[in-house]
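Q: Chain residues, written in single-letter form:
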Amino acid sequence: MTIMILPVGLRCNLSCKYCYHGVVSRRLRKVEVMSDVILERIIRESPLFASDIDFLWHGGEPMLAGIGHFRKVIEFQKQIFSAGAVSSGRIRNVIQSNLTLLTKRLCDFFAENNFILSTSIDGYREAHDANRIYANGLGTYMRVLKSISMWREKGKSIGAVSLVTKANVGQPAKYFEQLKASGITSCNFHFCSQDEQGSIETIPDREETARFFKTVFDLWMEDDNPDFPIRNFRNVLRSFCGGKPLDCNSNIEGCRGFVAITANGDVYPCHRYVGRDNFRIGNVLETSLFDIYNNAETTYQEFCSLGEECQTCEWLNVCGNGCAIERYIVKGGFRVTDPECLLKKELFSYIKSKAGHLFE
Amino acid sequence: MANPNKGSRIAGKIKQEVAAENAKLKEIHLATGKEPLVCGHQGCSETNCSNYCSES
Numbered sequence: 310m311t312i313m314i315l316p317v318g319l320r321c322n323l324s325c326k327y328c329y330h331g332v333v334s335r336r337l338r339k340v341e342v343m344s345d346v347i348l349e350r351i352i353r354e355s356p357l358f359a360s361d362i363d364f365l366w367h368g369g370e371p372m373l374a375g376i377g378h379f380r381k382v383i384e385f386q387k388q389i390f391s392a393g394a395v396s397s398g399r400i401r402n403v404i405q406s407n408l409t410l411l412t413k414r415l416c417d418f419f420a421e422n423n424f425i426l427s428t429s430i431d432g433y434r435e436a437h438d439a440n441r442i443y444a445n446g447l448g449t450y451m452r453v454l455k456s457i458s459m460w461r462e463k464g465k466s467i468g469a470v471s472l473v474t475k476a477n478v479g480q481p482a483k484y485f486e487q488l489k490a491s492g493i494t495s496c497n498f499h500f501c502s503q504d505e506q507g508s509i510e511t512i513p514d515r516e517e518t519a520r521f522f523k524t525v526f527d528l529w530m531e532d533d534n535p536d537f538p539i540r541n542f543r544n545v546l547r548s549f550c551g552g553k554p555l556d557c558n559s560n561i562e563g564c565r566g567f568v569a570i571t572a573n574g575d576v577y578p579c580h581r582y583v584g585r586d587n588f589r590i591g592n593v594l595e596t597s598l599f600d601i602y603n604n605a606e607t608t609y610q611e612f613c614s615l616g617e618e619c620q621t622c623e624w625l626n627v628c629g630n631g632c633a634i635e636r637y638i639v640k641g642g643f644r645v646t647d648p649e650c651l652l653k654k655e656l657f658s659y660i661k662s663k664a665g666h667l668f669e
Numbered sequence: 031m032a033n034p035n036k037g038s039r040i041a042g043k044i045k046q047e048v049a050a051e052n053a054k055l056k057e058i059h060l061a062t063g064k065e066p067l068v069c070g071h072q073g074c075s076e077t078n079c080s081n082y083c084s085e086s
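Chains as they are written, first to last, in the numbering used here: chain A, 310 to 669; chain B, 31 to 86.
Looking at chain A on its own, in the form it has when it is part of the complex (with noise of 0.2 Å):
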């Protein structure tokens, strides 16, 4: 189960093009670091789901909550669990961060405490700042390979995620070239996400993501280091063996497996969620969070539901019919298929017919 916290909700110190809380961030920016009060009951409600907890920090940017907001975390999950929970990895601190802010003191701090670091990074400088910015229109390339190497020093691993944009689909073998070279230790691409204030201007064509894709698996099969995964291709790779998928965007159930808890308490499905009042299922404070997760069943429900050509689809087991959110920004709802879904059968029908002899 993964709880993810937004400690400062959806706010953030970049300003990137084409983030997919565009509209909704805007009227949240000036939200406060979630309080004692929340962060304790969160973490006290956590042994409820399941013994195998991934406290995910998400935002917005999370180390925007400080020092002394993690810090607490660590304090509140030695008084609730036990220390081999924490040793053994059954209890992870996950980070999702741009990676600006994290100082040496931060750095030593998380690694110490055996924090887990993702960041996002589009390949090379130029693609990456065009896009991912702070306010004053400066890219941020340079300050996240900084803060890579500060951790990769400290004997760390770090994944990213990493975005196809207009900016960097016409350059596949600079971008992967760029990418093993930037010092993350595995990647996940994901398609650039239109929302309703429209990130379209950065959305590539589907033929050209599709060359993308195709490219970079070529090379990536081509480089055959199986220390620099990519979870796109392991998903489809792993199905001819038997696997299931690693994403929650590429797992039918994958959506149960989560909930998020913004800074004043406020509860959604997932953190793409928040911000959207129709989708808000609870506030801590107001009741429990194992109880706003099971009440909350039936959105769960229609978020995992398929239509008809789902169901009957060769490759659903490994694209799970994407995610839900997409879904519904794009389409209107849940019951229909993925918006990539005909670019995500060609890519998923190239892999088969370039690796699937692998497997047999």
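By construction, these hints were calculated from the structure, which means they are not laboratory data. A hint or two may mislead.
Claimed, not checked - To give a feel for the contact side, a few chain B residues facing chain A, derived at Cβ under 8 Å:
#, residue
1, LYS36
2, GLY37
3, SER38
4, ILE40
5, LYS43
6, ILE44
7, LYS45
8, ALA50
9, GLU51
10, ASN52
11, LYS56
Claimed, not checked - Anything over 12 Å on all C-beta distances counts as not near chain B; from chain A, calculated:
#, residue
12, LYS381
13, GLY446
14, GLU516
15, GLY616
16, TYR637
17, HIS666
18, PHE668
Computed from a prediction, not measured in an experiment: that's the story for all the values here. Glycine included, every Cβ here is placed at the ideal spot set by N, Cα and C.
Given chain A, work out where chain B should sit, using these hints.
A: Leaving out everything else, chain B in the frame of chain A:
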């Protein structure tokens, strides 16, 4: 020059991982009588994500 065995090391590691995961899932099923769900999420170590169960 193209690598004639391209992808074989990646495929080998994936097959090992999946076999280990499936063995673990079977173990959970035998121990609990429940069908295990596989979680998937950002930041997951991928070796520790098959460990919560739904009611069977």
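Q: Indicate, hint by hint, whether the structure satisfies it.
A: Okay, the hints, checked on the actual structure:
{"no.": "1", "hint": "LYS36", "in the structure": "holds (5 Å)"}
{"no.": "2", "hint": "GLY37", "in the structure": "holds (4 Å)"}
{"no.": "3", "hint": "SER38", "in the structure": "holds (6 Å)"}
{"no.": "4", "hint": "ILE40", "in the structure": "holds (5 Å)"}
{"no.": "5", "hint": "LYS43", "in the structure": "holds (4 Å)"}
{"no.": "6", "hint": "ILE44", "in the structure": "holds (5 Å)"}
{"no.": "7", "hint": "LYS45", "in the structure": "holds (5 Å)"}
{"no.": "8", "hint": "ALA50", "in the structure": "violated (10 Å)"}
{"no.": "9", "hint": "GLU51", "in the structure": "holds (7 Å)"}
{"no.": "10", "hint": "ASN52", "in the structure": "holds (6 Å)"}
{"no.": "11", "hint": "LYS56", "in the structure": "violated (12 Å)"}
{"no.": "12", "hint": "LYS381", "in the structure": "holds (21 Å)"}
{"no.": "13", "hint": "GLY446", "in the structure": "holds (28 Å)"}
{"no.": "14", "hint": "GLU516", "in the structure": "holds (25 Å)"}
{"no.": "15", "hint": "GLY616", "in the structure": "holds (21 Å)"}
{"no.": "16", "hint": "TYR637", "in the structure": "holds (19 Å)"}
{"no.": "17", "hint": "HIS666", "in the structure": "violated (9 Å)"}
{"no.": "18", "hint": "PHE668", "in the structure": "violated (6 Å)"}
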